[in-house]
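Colleague: Starting from the given sequences, assemble the full structure and let the hints guide the process.
If you read the protein sequences in the order shown, they are chains G and X. Numbering (the numbering used here) for the first sequence: 1 to 306. Numbering (the numbering used here) for the second sequence: 307 to 640.
Keep in mind that a hint or two might mislead.
Calculated pairs, SDA-like style, for lysine to any residue (alpha carbon to alpha carbon, straight line, at most 20 Å) [what the hints assert, rightly or not]:
{"#": "1", "chain 1": "G", "residue 1": "Lys268", "chain 2": "X", "residue 2": "Gly467"}
{"#": "2", "chain 1": "G", "residue 1": "Lys123", "chain 2": "X", "residue 2": "Arg634"}
{"#": "3", "chain 1": "X", "residue 1": "Lys528", "chain 2": "X", "residue 2": "Thr557"}
{"#": "4", "chain 1": "G", "residue 1": "Lys123", "chain 2": "X", "residue 2": "Met336"}
{"#": "5", "chain 1": "G", "residue 1": "Lys268", "chain 2": "X", "residue 2": "Thr466"}
{"#": "6", "chain 1": "G", "residue 1": "Lys268", "chain 2": "X", "residue 2": "Leu461"}
{"#": "7", "chain 1": "G", "residue 1": "Lys123", "chain 2": "X", "residue 2": "Leu333"}
{"#": "8", "chain 1": "X", "residue 1": "Lys332", "chain 2": "G", "residue 2": "Asn124"}
{"#": "9", "chain 1": "G", "residue 1": "Lys220", "chain 2": "G", "residue 2": "Ala114"}
{"#": "10", "chain 1": "G", "residue 1": "Lys220", "chain 2": "G", "residue 2": "Met118"}
{"#": "11", "chain 1": "G", "residue 1": "Lys268", "chain 2": "X", "residue 2": "Ala464"}
{"#": "12", "chain 1": "X", "residue 1": "Lys437", "chain 2": "G", "residue 2": "Val15"}
{"#": "13", "chain 1": "G", "residue 1": "Lys268", "chain 2": "X", "residue 2": "Pro468"}
{"#": "14", "chain 1": "G", "residue 1": "Lys123", "chain 2": "X", "residue 2": "Arg335"}
{"#": "15", "chain 1": "G", "residue 1": "Lys268", "chain 2": "X", "residue 2": "Ile460"}
{"#": "16", "chain 1": "G", "residue 1": "Lys268", "chain 2": "X", "residue 2": "Pro453"}
What the hints contain is simulated information worked out from the structure, not anything from laboratory work.
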Amino acid sequence: MGRFLLTRFLSLLAVLAVVLTLTFVLFRVSPGGPFSGERDLSAAAIHEREVKYKLDGPLWWQVGRWWQDAMQGDFRESMKSKNFTVTEILKQSLPVSFTLGGVAFVLAASGGIAVGAMAAARKNGWPDRMAMTGALLAISLPTFVTGPLLVLVFALNLGWFPVGGWTSLKHVILPAICLAIPYGAYVARLMRNSMVEVLGADYIRTARAKGLPERQVIFKHALKVAVLPVVSYLGPLAAGLLTGSVVVESIFGIPGAGQHFVNSILNKDGFLLMGAVAVYCVLLVVLNFVVDVLYCVLDRRIKLYE
Amino acid sequence: MSSAAPAIAAPGRALSDPLSGWERLKLDRMALLSLVVLLLSALACFLAPPLMETARNATSAATYSPPGTVVTSADGAVYQAWLGTDASGRDVLYRVLAGGRVSLVVGLCAAAVSLFIGTLVGMTAGYYGGKVDAFLMRLVDVLYANPRVLFVLILISALTGPLSLAINEAREWADARNWMTLKAWVDGAIPYQRTIILIFCLGFIEWLTMARIVRGQVLVLKEQQFIAAARVLGQTRWKIMGRHLLPNLWTVILTYLTLTVPVVVLDESFLSFLGLGIEEPASSWGTLLKEGASAVNPLISRWWLLVTPAVVMGITLLALNFLGDALRDAFDVR
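Modeller: Shown next as structure tokens:
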């Protein structure tokens, strides 16, 4: 198992390196560089700025120097928000996104697993049909529709939650639900399909034949195995949720990190973009690795590469 | 779902013969219902706007009037706005249906582009195997690890300039040679620049799943005897892929076409939310939802601006997803 995890970790690191390098190259070769737009600058002025931001010389040399700085923890200065380093900007916004994303993650994972398992236990009955239609509807609507609808009902009509802002615990709930809905629906569908398959397995028939109560069959025997496909989805799910969503942030007025992904591209703020992508990729790599470890612990049958 | 009841009795077939995919699909009532809903929605989006009064798309003084109001447009035509009017006094129903046309065209075309790329990559990887396979699949892995938002934004900003440049070049080129048909054709494309860009950008980021699925199917297919027979007969690789593999992949392709369209329509609406989608005065479901979302505020909520496009888009995408799921079940595509 140790060897499997080691090779897995190394390949994830390779993916990280390739993605970041690719992002840098795309940012540099895409037309309309970071210094066009303000005014028509002379070639000399552009060169001066390129030297200032260490973007002169051949492309591989620029990438190399970015990596050199990044390895030392220096993600450089934002190219548009002057006097702020990328690290400072991310330090302000990431805790907000982590809180929101963490709550949404717990909601999506637990809600999705519960609904999916329940639907599978009543396969083709009306709770199953209702839950799966609801889940399908939830992934058919964009967050910027569910968000305002939630606001309309729970904030404006019922007055249970504030409309927006980020000052108290109450402010977390509505955006977290909004963020969790599509992901929770996806988890529920995954869970239902896997649970239906597991409930048809021989060992479940044995458990039922022994006369175990249905509750025990589902929770003690089936759930442990059926949850495995969901576990492998939890890595990308957490990485996506924790880095924030520009849509939810703008609807609820939350100062999170999701906006930086979009705005850094629109503003051609290359270093902020690199910082945001680095955070996303590191999270993805680390969480995927955690999922691999979890998988080995949860399913003893898996003896990978040995 | 209910594959147990072989209701289709045909001469010369035993009751115990397994049902084909189509027969299983015909027994799935939800799938048939979805198909009907889908056809109705598409017919409404494509046929209704030309049949409705043109005044519905014109501005009027009756801004934000609630559903059912009788509206007089700027040029004096009178009509009843069954689903209210928007910020410029235009009929919401008309704009939702006309917007649906744009959304569905973008969805279908971009899904087709992604299927083309995905099938090509998946078939090449699966059939060639070895280093080609390893390289293509690592490429897919890397692209999966990239945030999709990032890719599509970079692509859009990269393509916008060159496309309008290319269109200008083409116009001048046609003008210099006095090719009026070509010039008129290029002129006609100018208002659709954004749509063209969206189709290619979205098609270009949604092919990854397709590539993996097709590769998996090809790996199974290529071990079968008819492929070996074709190889023994001396057919080239490309001919085997085109003549023998592709016809066996088309249920997979149809299934994922159905499942990719809603994803692309959602992507387009997300880009419209960011202001990068379809531009005024044209509308798509995305732009209408964006307008609707900003119309919900603590003072006055003009709910019809949000609810109308949300319901129409929700039902259409739901039907597409249902149909896609049913196709997947019927043809047993994983």
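Colleague: Take the hints in turn and mark each one as holding or not.
Modeller: Cross-check of the supplied hints:
Distance hint between G:Lys268 and X:Gly467 is fulfilled; the C-alpha atoms sit about 15 Å from each other, no more than 20 Å. Pair hint G:Lys123 plus X:Arg634 holds up; C-alpha atoms about 18 Å apart against a cutoff of 20 Å. For the hint pairing X:Lys528 with X:Thr557, the CA-to-CA distance comes to about 17 Å; that is within 20 Å, so the pair holds. Of the supplied pair hints, the one linking G:Lys123 and X:Met336 holds, its CA atoms being roughly 15 Å apart against a limit of 20 Å.
For the hint linking G:Lys268 to X:Thr466, the alpha-carbon distance of about 15 Å falls within 20 Å, and the restraint holds. For the suggested pair G:Lys268 and X:Leu461, the alpha carbons sit about 13 Å apart, so the restraint of at most 20 Å is met. For a cut-off of 20 Å, the pair hint linking G:Lys123 to X:Leu333 stands: about 18 Å separates their Cα positions. Annotation: proposed proximity of X:Lys332 to G:Asn124 holds, straight-line Cα distance about 18 Å (limit 20 Å).
Our distance criterion of 20 Å between C-alpha atoms is met by G:Lys220 and G:Ala114, whose separation comes to about 14 Å. The hinted pair formed by G:Lys220 and G:Met118 meets the criterion: a straight-line CA distance of about 14 Å does not exceed 20 Å. Between G:Lys268 and X:Ala464 the CA atoms are separated by roughly 12 Å; this keeps the pair inside 20 Å, and the hint holds. Taken as a hint, the X:Lys437 and G:Val15 pair is honoured in the structure, with Cα atoms around 18 Å apart against an allowance of 20 Å.
With a C-alpha separation of about 18 Å, the suggested pair G:Lys268 and X:Pro468 falls inside the 20 Å cut-off, and the hint holds. A hinted pair counts as satisfied when its Cα atoms are at most 20 Å apart, and G:Lys123 with X:Arg335 qualifies at roughly 17 Å. With a C-alpha separation of about 10 Å, the suggested pair G:Lys268 and X:Ile460 falls inside the 20 Å cut-off, and the hint holds. The hinted pair formed by G:Lys268 and X:Pro453 meets the criterion: a straight-line CA distance of about 17 Å does not exceed 20 Å.
The earlier numbered hints are all upheld by this structure, with none contradicted.
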